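Protein sequences, first through last, are from chains A and B.
Residues 11 to 761 in my numbering are what the first sequence lists, from first letter to last.
Residues 161 to 319 in my numbering are what the second sequence lists, from first letter to last.
It cannot be assumed that every hint is accurate.
To be verified - Distance windows between CB atoms, simulated:
no.	chain 1	residue 1	chain 2	residue 2	range
1	A	Glu400	B	Asp281	57 to 63 Å
2	A	Phe276	B	Glu303	46 to 52 Å
3	B	Glu310	A	Gly160	29 to 35 Å
4	A	Asp687	B	Arg226	37 to 43 Å
5	A	Asn515	B	Asn278	50 to 56 Å
6	B	Glu303	A	Ser696	25 to 31 Å
7	A	Asp640	B	Gln180	36 to 42 Å
8	B	Gln180	A	Phe276	58 to 64 Å
9	A	Val331	B	Ser225	50 to 56 Å
10	B	Pro277	A	Leu28	53 to 59 Å
11	B	Asp281	A	Gly160	54 to 60 Å
12	A	Lys459	B	Gln180	28 to 34 Å
13	B	Glu252	A	Phe276	48 to 54 Å
Since the hints were made in silico from the structure, they are not lab data.
Because the structure is a prediction, the values reported are computed rather than measured.
Cβ coordinates follow ideal geometry from the N, Cα and C atoms, glycine included.
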Amino acid sequence: MNNDKNALDRRSFLKASLLSGGGLMLTVSWLSSFKSPHKAEALNLPDQWSQLNGYIQITSDNKIKLICPNPEFGQNVMTSLPMIVAEELDADWKNVVVEMGPHDPVKLGAQFTGGSNSVRMYWKPLREAGAAARQMLREAAAQTWNVPVGEVTTKAGVLLHSSGKSAKYGEMASKAAGVPVPKELKLKSPKEFTVVRKSKKNVEVQKITSGKPLFGLDYTVDGMLIAMIQHPPAFGMKVKSFDAAETLKMPGIKDVFILKLYEDGFEQGGFDTRSFNELLVIVGNTTWEVMNARKKLTVSWESAGQLKDTVAGRDGKKREVVVPGALESTTTQMQQMQDYAAKPAQQLRKDGDPETAFKNAAQVIERTYNGPFLAHNCMEPMNFFAHVTEEKALLAGPLQAPGWAEPTLAKLLNLPPEKIEIQMTRMGGGFGRRAYAHYLSEAALISRKVKAPVKLMYTREDDMTYGIYRPMYTATYRAALDANKNLIAFHVKGGGIPEHPIHANRFPAGAVDNYLAEGWQIPSNITIGAFRAPRSNFNAAAEQSFLDEVAEAAGKDPIEFRLALLKRAKENPVGKNNEYEPDRYAGVLQLVRDKSNWGKPGNEKFHRGVAAYFCHNSYAAHVVDMVSRDGQPYVERVYSAMDCGIVINPDAATNMVQGAVVDGIGNSFYGELTFKDGVPQKNNFSNYRMIRINEVPKSIEVHFVENDLDPTGLGEPPFPPVFGAVANALHKLKGKRYYNQPFRDEPEKTI
Amino acid sequence: MAKITLNINKKDYQLEADPQMPLLWAIRDLAGLKGTKYGCGVAQCGACVVHLDGEAVRSCVTKVSRATGKKVVTIEGLSENNSHPVQKAWQEVDVPQCGYCHSGQIMSAAVLLREKPNPTDQDIDDAMAGNICRCGTYLRIREAIHKAAEMQQKAPVKG
Ligand code: FES
Ligand code: FES
């Protein structure tokens, strides 16, 4: 047992009470320092966010109800987070039922699904919650049996004493509610785990396979109306006028109107991004009626011109952000990027004397990589239910960050937070997209205007053409080798529309004496947002294919080349603030090398590519085995190695990694959104190609580094290096390098 | 608007609907069965697959008028107690991530297994290529279909 030293600071926030009808309810309330969000914080979440609150309820008939604080979007938190509580509670998993909590930051904490942070942020608090309840149950049993509490043990939801006495948790729950909350908590050591590290089935799998109404689009109440928004056909445009006469004649149509989302000067938080501010709304009785009648609208659009947004700064000061008015096209964007790439950029990190090192190099390798805008394409399009009256607001739907949506909503509706109830439905995917809750605010304003409960729904086309995309990126890498083929300098200069992709303190920073990282960005009216491992999902592709090419030039095996650099970073690190741990980085490379039989006979049929990456606190490496099938490159087999510390739910974790690999392969080959005069050139799955079952590998073998380190996330880390591994395998297959995403044979675009 | 009788999951629903309305919206909005999902509306993703007289159809592009006089089966009616071999295999393999695509995946897989009780990987890929899973659970879909085939052979489904 480990004594938890921090528990003393927190004990006063644990509160026990009697459930009505008997039983224990443990409210675990830590003070939450959670405030309104900023983008930078969200991508690099501070430690104090791990302070949160939770619920455990044990009824006298021995049911254990655990409340999941974080929204579920397929990462399986509704199973893994309660498993953590159940572990320290020593509960019998069979008796556990899980319920999704409402948005309640005082009781449930930050409730943020994103940044691969759910497990990492809730690990310690949820363990403490479980441990406290278990200690109180033991105390209750000790009092009842009149034995010292130290002699009461627990096993799978049963309290035991050497005298032969035993009781189920439920029998002691009411009494435990009256026991003082323990002053010191004892947490299990990893070798005592009985729930964590043992695969548990998704607690909602039965509901999913029987079609229960779990999702936001399924949510309904009597008298609910359906709303849709006709947004401009192009970024940089707005509605000029409209004629709804024909639409209003259609059956079931209630109203057509224009609604302003943010008033002028509205101070936007970091996740209040929206593409269009004046909303042409159509409201009716049923989905089909609204969809159909919308087609009869006559709208004329005009250029929105240059706009100014007011954005909250991290320092509490607001600033004005200029949104350019031009109707942008991919071709002109490429030209613009080329111009910017040639100009001086912002220095992000510098070690040693890279200029001199490049001058004195025996060989310099320089390559440029490009990546397009990507749409998230969550399987369930954006939607939200809202019922807003003068007094209060009820909202329900798919949302990653209710804690960020609520302050915005409070301002928009002029209601205090306690009058706003947000319920989180299961999300049909998220991938970062649902951290931007403009659609929730839109639903709320529409409901207030029409004075009825409303479901706002985006069609697939609305969803894909709305914005909040993965930015468009480019990066030029340079490497200097000396006469002995040693890497003596490394330079990366990256840019993007509208943000650059560079993580300046990531590998190979720390492993090269002379290092320079620079970034530049071009403003745009095309909105962007977090997309599964923001920036990393481009960097890993570019940097990991570049390192492959440098290793080749140096005449080294790509894995051994990286391992040698990591050894250097470990033994004699260059510079400060290196974000990664070289040992753990090397660990996943070694594991994937061994599991894939890298460099060993027996794999001649395959063209093999390797890549590794660190992001969101976890380490990932993949070996991709490619063949040619019907003349097309086909990834037949993948080996993955992950280090995310303790793996809470191994089978679900494996599912997550496999899904990330499939997503990575799909986006490597097909992911792309281009623009012409502000118009997205794809609007549905008929032209936006998604990976399908006939294109996925036969096997994706996932291995985890075994250690007892505190767990970190898995939703994002396995995704970025897939691109790099695919690029490197393609090089082996085709005998040429692919520098532009998506990887395909066509006249090469160049920047 | 017309009066339309739809037989869904062995139950008759008297609906007022535009005969042009896609079956998907009649099922979801008028009959109130939310298990059948909307993903694209243009026959590309398979989230909306239901059985029409035993055939897998994309309800988003099937006019409701085409379903009158026929038997519609949705995910809610695929079995009693969630016990169709495909459903059981899905649970056992723990296929879903977000779960949104899986009503359609399961409905497509059920028809495949009726037509090919012992499908190869190739059969599965051919039959399931119309169902997108954005979360990428495809390997588990293959595995679960093989498992369902085994289960079905041990205890054949009736009807
Ligand atoms: S919703 Fe019918 S195929 Fe996509
Ligand atoms: S599980 Fe999310 S789309 Fe298939």
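Right, here's what the structure says about each hint:
| no. | hint | in the structure |
| --- | --- | --- |
| 1 | A:Glu400 <-> B:Asp281: 57 to 63 Å | 59 Å, holds |
| 2 | A:Phe276 <-> B:Glu303: 46 to 52 Å | 50 Å, holds |
| 3 | B:Glu310 <-> A:Gly160: 29 to 35 Å | 51 Å, violated |
| 4 | A:Asp687 <-> B:Arg226: 37 to 43 Å | 39 Å, holds |
| 5 | A:Asn515 <-> B:Asn278: 50 to 56 Å | 54 Å, holds |
| 6 | B:Glu303 <-> A:Ser696: 25 to 31 Å | 29 Å, holds |
| 7 | A:Asp640 <-> B:Gln180: 36 to 42 Å | 40 Å, holds |
| 8 | B:Gln180 <-> A:Phe276: 58 to 64 Å | 41 Å, violated |
| 9 | A:Val331 <-> B:Ser225: 50 to 56 Å | 51 Å, holds |
| 10 | B:Pro277 <-> A:Leu28: 53 to 59 Å | 56 Å, holds |
| 11 | B:Asp281 <-> A:Gly160: 54 to 60 Å | 58 Å, holds |
| 12 | A:Lys459 <-> B:Gln180: 28 to 34 Å | 29 Å, holds |
| 13 | B:Glu252 <-> A:Phe276: 48 to 54 Å | 51 Å, holds |
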